[in-house]
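Each protein sequence line maps, in turn, to chains A and B.
One point on numbering: in UniProt numbering, the residue at position 398 of the first sequence is 398, and numbering is uninterrupted.
One point on numbering: in UniProt numbering, the residue at position 649 of the second sequence is 649, and numbering is uninterrupted.
Treat the hints with care, as some may be off.
[What the hints assert, rightly or not] In silico lysine-lysine, DSBU-like type, Cα no more than 30 Å apart, as pairs: (1) A:LYS199 x B:LYS164; (2) B:LYS204 x A:LYS199; (3) B:LYS112 x A:LYS501; (4) A:LYS78 x B:LYS199; (5) B:LYS249 x A:LYS195; (6) B:LYS78 x B:LYS92; (7) B:LYS161 x A:LYS195; (8) A:LYS125 x B:LYS195; (9) A:LYS161 x B:LYS199; (10) A:LYS199 x B:LYS134; (11) B:LYS199 x A:LYS134; (12) A:LYS134 x B:LYS195; (13) B:LYS199 x A:LYS195; (14) B:LYS195 x A:LYS195; (15) B:LYS195 x A:LYS78; (16) B:LYS204 x A:LYS164; (17) B:LYS161 x A:LYS199; (18) A:LYS195 x B:LYS121; (19) A:LYS164 x B:LYS195; (20) B:LYS86 x B:LYS149; (21) A:LYS571 x A:LYS199; (22) B:LYS199 x A:LYS204; (23) A:LYS199 x B:LYS149; (24) B:LYS195 x A:LYS121; (25) B:LYS164 x A:LYS204; (26) A:LYS195 x B:LYS78; (27) A:LYS199 x B:LYS78; (28) B:LYS125 x A:LYS204; (29) A:LYS149 x B:LYS195.
By construction, these hints were calculated from the structure, which means they are not laboratory data.
Protein chains: 2
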Amino acid sequence: MKASWIAGVALFASSGLAQTFQRLGGCPELGCIFPPDQADFLAGQYFDIRLEVHSPVNGSEAREGEPDPNFTFTVARKGRRNRPQKATDFFKVKEPELEEWDFTWFEDLFAKDAGKPSLVKVTSKAYRRVALFKPGEYEATLTYYDGQKTTATWTVRDLAKVRKTKNVVMFIGDGMTTNMITAARLIAHRSVNGKYQTKMQMDKFPVLGHQMTHSLDSFITDSANSATSLYTGHKTTVNALGVYVDSSKSPYDDPKVETIAEIFRRVYPKAGVGIVSTAFLADATPGALTAHTRDRGQYGHVIDSYLQGMTNYSWTEWDGPDVLFGGGAENFLSSGSHKGQDYYKLFQEKGYSVSWNSSALSQAPNNTKALGVFSISNMATWLDRNVYPDNLKDEENYPDGSGKDAEDQPGLKDMTIKAIDILHTRSKKQGWFLMAEAAHIDKQMHALDYDRALGELLDLDDTIRATVEKLKALCQLDNTLILVTADHGHGFDVMGSVDTKYLNEQEDDREKRNAIGTYWNSGLSQYTVQTDTSLRYSEGVHFPTNWDPRYTLFQGVTANPDRRENFQVHKDGPRTPAVELEKGSKNYYADYKDAVSGFVTNGTLPVAEAQGVHSLTDVPVFAMGPCQEEFGGVYNSIDIFFSIAKCLNLGTDKAQRK
Amino acid sequence: MKASWIAGVALFASSGLAQTFQRLGGCPELGCIFPPDQADFLAGQYFDIRLEVHSPVNGSEAREGEPDPNFTFTVARKGRRNRPQKATDFFKVKEPELEEWDFTWFEDLFAKDAGKPSLVKVTSKAYRRVALFKPGEYEATLTYYDGQKTTATWTVRDLAKVRKTKNVVMFIGDGMTTNMITAARLIAHRSVNGKYQTKMQMDKFPVLGHQMTHSLDSFITDSANSATSLYTGHKTTVNALGVYVDSSKSPYDDPKVETIAEIFRRVYPKAGVGIVSTAFLADATPGALTAHTRDRGQYGHVIDSYLQGMTNYSWTEWDGPDVLFGGGAENFLSSGSHKGQDYYKLFQEKGYSVSWNSSALSQAPNNTKALGVFSISNMATWLDRNVYPDNLKDEENYPDGSGKDAEDQPGLKDMTIKAIDILHTRSKKQGWFLMAEAAHIDKQMHALDYDRALGELLDLDDTIRATVEKLKALCQLDNTLILVTADHGHGFDVMGSVDTKYLNEQEDDREKRNAIGTYWNSGLSQYTVQTDTSLRYSEGVHFPTNWDPRYTLFQGVTANPDRRENFQVHKDGPRTPAVELEKGSKNYYADYKDAVSGFVTNGTLPVAEAQGVHSLTDVPVFAMGPCQEEFGGVYNSIDIFFSIAKCLNLGTDKAQRK
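Turn these sequences into a full structure, and let the hints steer you where they fit.
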């Protein structure tokens, strides 16, 4: 018995691949190729190549001498008689100039505590805007230090033969997991004896998949990195938008990969592109469709990329989305924008209508490009807009920067339906791609504000329902692939119920915990019991009828900062679970005011974390419409890009529209 | 804006349905019908009917007078000209005798603390072993208290016309979620630049679904209740096996529903049935295939039901599974069995081979029925059997009761493959159904022993891989539907990595938390880096190569007892996170010895809980083989029963083999 699994072939080789602290992700050797080994490409997809040769001066990898300035690089399509060619010959580009720089990194926490970084000297070159056209495997080889070699196997996936869908709507529930969908269903859909009487719209989708969200160089991703995977088919590093991360200082020179929006517009010049989000528009999930920077914090760069695409380095032509709706006015106003420009004016000059509130949005013309910016910072949550509207007051967040309150904000549904109207009007012939993001699922989960997060998830579901109806009304349902997915998870679940009356009346923290009911004592959802008789939903629209029942959900996440929990809805606005006792100390403790009647639980996260964090779990993919069959089963996040590209037939076997 | 969702049709009615503490689950009114409203049936499936009329003496529902002894009950098939008939006429059964009893319940935690139960008097009748044959809707009506009515709508689902699969293998990863699968993949499969170089077997399955696991009367289930849903198509109450729960005292008189094993054998008398589990065999997941009791703790009853089916009340004939492999010798030995019988002897007399260890199992004949009991209590975990085998010593758990150690235990894979050999030999013609449970995923998650739980999940995956190979070798792969699912979840996820060296060297609890790396600092999995060069896996067999790396997973669940965490594998055997300071106090604190170098975190669970608890999340369903298309998308747990029954064509439109 015991011996049986210790026999046979070794499948695992000891290597430097599994590093936690890394000199440079994607580059375990001293020679680096980006895109790295195992990268996949759509035929004809533009990308940059970055080569680096490292010479570590100190630390565990220290070596004598300078980094090699005379490294060489070849590419070969695998197969008979395909000899490696110099990259300049293979791609027919000029030899780029040699670049040189230094960088430092910490090898572990001890080195960090001691302030002892490792220094690395670098020589580098970058080949800009190249593409591979023939499906198959390629071998890229970097040769340095007198014959040392780093090789990367690149795969160009097979070309699709037919365009299977005219339009694509891609809903991203940021941070949304199966666990959250289950909880949202429980609070919004009435069940009789274990049988739900109504269905969530996403539960009606015929095809279900799971996607793996991990990064190139870490198993937990952020939204920049994961959006890049979904939109480009290339996994990269935390914080990176549309680029692989090199070791140079500039956040603008990293090797780019072409995104689904850029490719769609390149291949079908009259195709429509829409971007909708409840986040600030410079945020990662919308931004990754057009921006190319290793640093998602380059908000000015992101907004500028919506307007005119990449301005540094040659790249694909891109003249902006047809629709751009969301929050984040601060990056459009000259007070806080890239180079102090008035982006409302710049978009207007380019022919965009500009809307600042829900009423203006509904009246915006459907035949021109449209910009809608509805608040400073993130837009309001569904719960605040609809149940606790007083929380929209005194925010001084009107998008014109006047200091008024943005009280008339549209919801995800209003923005999405308007976007479809515009895209359908403008791109009847070549079709359109729309990405709509429910951003607050993630943002409120970070704040441990489970109620607001689930409200947002239900708003997403209602938006999907309205989208199906809208497409039906436009006779486009049979032409439109609808995808609903997420970019990563949070470790959320529901374990039972809480008798909040009992909890509030106990004095002792340990006694308060006895208010919690698990298994049979979880009972049934009281969120669907109607107490407010004035409350009515439209047909098919499902939200809780009572957000503040006596028996609430015993819910939580798998990693927390210190916090108090009373398991009740936060009526005064989004939650702040942890605070610094001394400002700037990066030492967070439970926020007493956040849940006065609750009990304190210390967290497991580093004490510098004020919020919850992302998690590893695969996230669901729901698909409906032409080409839905591509999205069943379990796959990598990058496969979603390749499947969409296949459904839209975006691969090209020769250069187009240079 | 704000008004838009407060207009339209009311979809939610105020009712007593959403109770947390309940007089009787499935019975919010004073008249109770079991099976209750919304129940679904397979055509021809046997079931009992239990009627109750309640008269609450005190408490919030108190009324004057005795419970009605003269209630009446009718059933009608919905449709033109189908008048309600007395149940005796409708089912052609005798009128049962009136039963009477009292019971008490607590209306909330305050009543419980005060020791003030509510008393209810009951009149009742039970109609035993009836069935509905024609697909369609039925209305069952209980009339009591001079015209008060409780109605139940029952649905008999459409009959299948064709048997689509010959065999079914149903793998149950007890407590297994998508989140756990993601974590298991991370520690056992090597990834290069974000691309896994190998796949889990379940990830290769073509069809993916999600099932909702909630109970009839609580949104969190246990394994008894959920197994009943999966095997009978009827949701019931926590702790119930193959029955709805009535309010009478006896755990044996509750209304039964026929299980997939019983139906399969009734419809195809030579069909094979196999039951395999790494739990003790009287446990809920194996037990629910043949037992009928509201109390999963009736272990003797469960074991007896394997031998001879139901002995009290008339029921379907059932002569035992062909294969029964697992742990739990204590319920077979006369020292602890039902009526002190020697069940080894009883099974042997019925023609079963009996095996007590792995060597005997491999030599057991394939043409006779087989019982294999390999340990007292639960079988050993994969991690203990394979990596820390010293933990199998001094357990005194040999299944003959001799006090020897059960060191030669088979794994789930050995038991499953042997079961297939026997089932294939014995039931070549009419086919077979095998349920194989990986029980320790749940048991170790309860103990917060994430490493052992993930090891068990990987053992399940390896068993599935071996099953596919075995079926291929027997030329049965095209004839066999393979399902992999779970019965409920635990709120588990992975949020990053832990530098255990750093953690162990810090003095202060808050400083220890800084050992945790999230996002980019999670790095890559170090469980796949080979350090022990003597370690080899067979081709395609994937487990971690290093269970004790410096950088471990930062993993956890959403609800805990107080505990210490050091995020390292427990080499001395399964974990005990919380202990009572005073035995029997039901007041649990963190167990210092469980993780000496770790830091303390107080829990959120009631302090009487020593372990983690189940969670709400939908669980995945992976399907491969004939009829796989039935299992895509999102559905209720009971739908799995109906889909299997459809694939095996088990619905019958007339009575068979009484």
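* Asked: In ascending order, which of the hints set out earlier in this document are inconsistent with the structure?
  -> 13, 14 and 28
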